[in-house]
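Peer 1: Sequence:
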Amino acid sequence: MRAYPIKFKPILKEKIWGGEKLSQFMNKNSDSKHIGESWEISGVQDNISIVSNGLYKGKSLNDLIKLFKGDFLGEGNISAFGENFPLLIKFLDAKTNLSVQVHPDDTMAKEHHNSYGKTEMWYIMENEKDAEIVLGLKNNKISTEVLDNINASNVNSIFNVEKVKQGDCYFIPAGKVHAIGAGILVAEIQQTSDITYRVYDWDRKDDKGEQRELHTDMAKKATKKFSTNGKSNYKIKKDKPINLVDCEFFTTSIFKLKGLHKRDYSKVDSFVVFMCVEGVAEITVNNNTEFIFKGETILIPANSKDVIFNSQGAKMLEVFIEPKDAESKKLAS
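Residues in the sequence shown are numbered consecutively from 1, following UniProt numbering.
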């Protein structure tokens, strides 16, 4: 495979809670006033990403996996996931609150949906004053049975709510109830899954005057209790990746670029994804250079070695996978 910095066409999703920041400030081409998500790299069925640049322009993500296998994904990822792209990379714009929701783990998702579960993380790119997120139950003494009867008068006594600021990062394992609040722009990394169980939707109605469906019974089965809020404590350093999340599904670091910087990925048995969360940078692989702007994503194939960065000031999320248990991740055929 001829490696170069690969871009994909964003897949834009209208949401009842979405806004205009993705189109106005992050170059996502849409006239809609309710774009909630930009799926940057997706292997979700019926939402397969298409290459938008270079030698492989027009080919799908699945085409690249079938053609180049380990050279593209990494041999360990081929062993673990077969020809399934294991991550879903997104940007989200929450103009209003997302529903309070929970996602199943791999075991539950495989049993009920023949799918992967959904463990994810958020990096807060922007936030309006006093913006909040929901993270877990208020305390571990609360029974999941309370999910049967949530309303505007008791919601604040059931869920843990935290104020956020730019640069905050949260790890959200499958089973943790959560919601992004109004006025927050997020970079999200997650397992390849689109399974969501809603438990509360703020009593709002859609444009037909109907409330969205809740999935309370499944949510009660999926919900787990956690001892921490999952917030990453880190201090950013120039040109040095600082780990944010390291779990069995993905490893994510952040680094600040200033000037010329070269990194050797020859010992990383995985594709590497870069999400630009601030500024602009050049990324060069095998003498092929692409600009990456805030709100854009680039994938570097696994057979790449040196990656050269050049920027007057940018922040990047670096994402790759180190498979730990190949057999447990394979879906039923």
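Hint data in this document are derived by calculation from the structure and do not stem from the laboratory.
Predicted, not measured: the structure shown is a model, and the values here were computed from it.
Where is the CB? At the ideal position from N, CA and C, for every residue including glycine.
Be aware that a few hints might be false.
For each label pair, taking beta carbons as the anchor points, the in silico distance ranges come out as [said to hold, decoys possible]:
hint, residue 1, residue 2, range
1, Lys-225, Gln-24, 31 to 41 Å
2, Ser-227, Thr-289, 39 to 49 Å
3, Glu-162, Ser-32, 24 to 34 Å
When the alpha-carbon atoms are kept at most 25 Å apart in a straight line, the in silico SDA-like pairs for lysine to any residue are as follows [unchecked claim]:
hint, residue 1, residue 2
4, Lys-163, Lys-208
5, Lys-220, Lys-267
6, Lys-13, Met-1
7, Lys-141, Ser-153
8, Lys-165, Glu-126
9, Lys-220, Val-155
10, Lys-15, Lys-141
11, Lys-240, Ser-60
12, Lys-224, Arg-212
13, Lys-305, Ser-79
14, Lys-13, Ser-79
15, Lys-9, Lys-220
16, Lys-95, Ser-79
17, Lys-165, Asp-269
18, Lys-15, Trp-202
19, Lys-231, Glu-188
20, Lys-13, Lys-208
21, Lys-267, Lys-9
22, Lys-163, Pro-173
Peer 1: Give a verdict on every hint.
Peer 2: Cross-check of the supplied hints:
1. Checked against the given bound of 31 to 41 Å, the beta carbons of Lys-225 and Gln-24, roughly 39 Å apart, stay inside it.
2. Separation of Ser-227 from Thr-289 is about 46 Å and conforms to the stated range, judged on CB atoms against 39 to 49 Å.
3. For the pair Glu-162 and Ser-32, the beta carbons lie near 30 Å from each other, so the given range of 24 to 34 Å is met.
4. For the given pair, Lys-163 sits about 32 Å from Lys-208 by alpha-carbon distance, which is inconsistent with the 25 Å threshold.
5. Restraint check for Lys-220 and Lys-267: the C-alpha separation of about 42 Å exceeds 25 Å, so the hint is violated.
6. For the hint linking Lys-13 to Met-1, the alpha-carbon distance of about 31 Å lies beyond 25 Å, and the restraint is violated.
7. In summary, the hint linking Lys-141 to Ser-153 is supported, as the alpha carbons are separated by about 20 Å, within the 25 Å threshold.
8. Between Lys-165 and Glu-126, the direct Cα distance comes to roughly 7 Å. Compliance with the 25 Å bound is thereby established for this hinted pair.
9. Distance restraint check for Lys-220 and Val-155: the Cα-Cα separation of roughly 16 Å lies within the 25 Å cut-off, and the hinted pair is therefore satisfied.
10. About 34 Å separates the Cα atoms of Lys-15 and Lys-141, which puts this hinted pair outside 25 Å; it is violated.
11. Distance hint between Lys-240 and Ser-60 is unfulfilled; the C-alpha atoms sit about 32 Å from each other, more than 25 Å.
12. Using a Cα cut-off of 25 Å, the hinted pair Lys-224 and Arg-212 holds, with the two alpha carbons roughly 24 Å apart.
13. Taking the CA atoms of Lys-305 and Ser-79, the gap is about 21 Å. The hint holds against a cut of 25 Å.
14. Annotation: proposed proximity of Lys-13 to Ser-79 is violated, straight-line Cα distance about 31 Å (limit 25 Å).
15. As the CA atoms of Lys-9 and Lys-220 are separated by approximately 36 Å, the hinted pair breaks the 25 Å bound.
16. Taking the CA atoms of Lys-95 and Ser-79, the gap is about 40 Å. The hint is violated against a cut of 25 Å.
17. Distance hint between Lys-165 and Asp-269 is unfulfilled; the C-alpha atoms sit about 34 Å from each other, more than 25 Å.
18. Among the hinted pairs, Lys-15 with Trp-202 is consistent with the structure: their alpha-carbon atoms are about 15 Å apart, no more than 25 Å.
19. Distance restraint check for Lys-231 and Glu-188: the Cα-Cα separation of roughly 14 Å lies within the 25 Å cut-off, and the hinted pair is therefore satisfied.
20. As the CA atoms of Lys-13 and Lys-208 are separated by approximately 19 Å, the hinted pair is consistent with the 25 Å bound.
21. For the suggested pair Lys-267 and Lys-9, the alpha carbons sit about 29 Å apart, so the restraint of at most 25 Å is broken.
22. Of the pairs offered as hints, the one joining Lys-163 and Pro-173 holds, with about 19 Å between alpha carbons and a cut-off of 25 Å not exceeded.
When each numbered hint is compared with the structure, violations occur for hints 4, 5, 6, 10, 11, 14, 15, 16, 17, 21.
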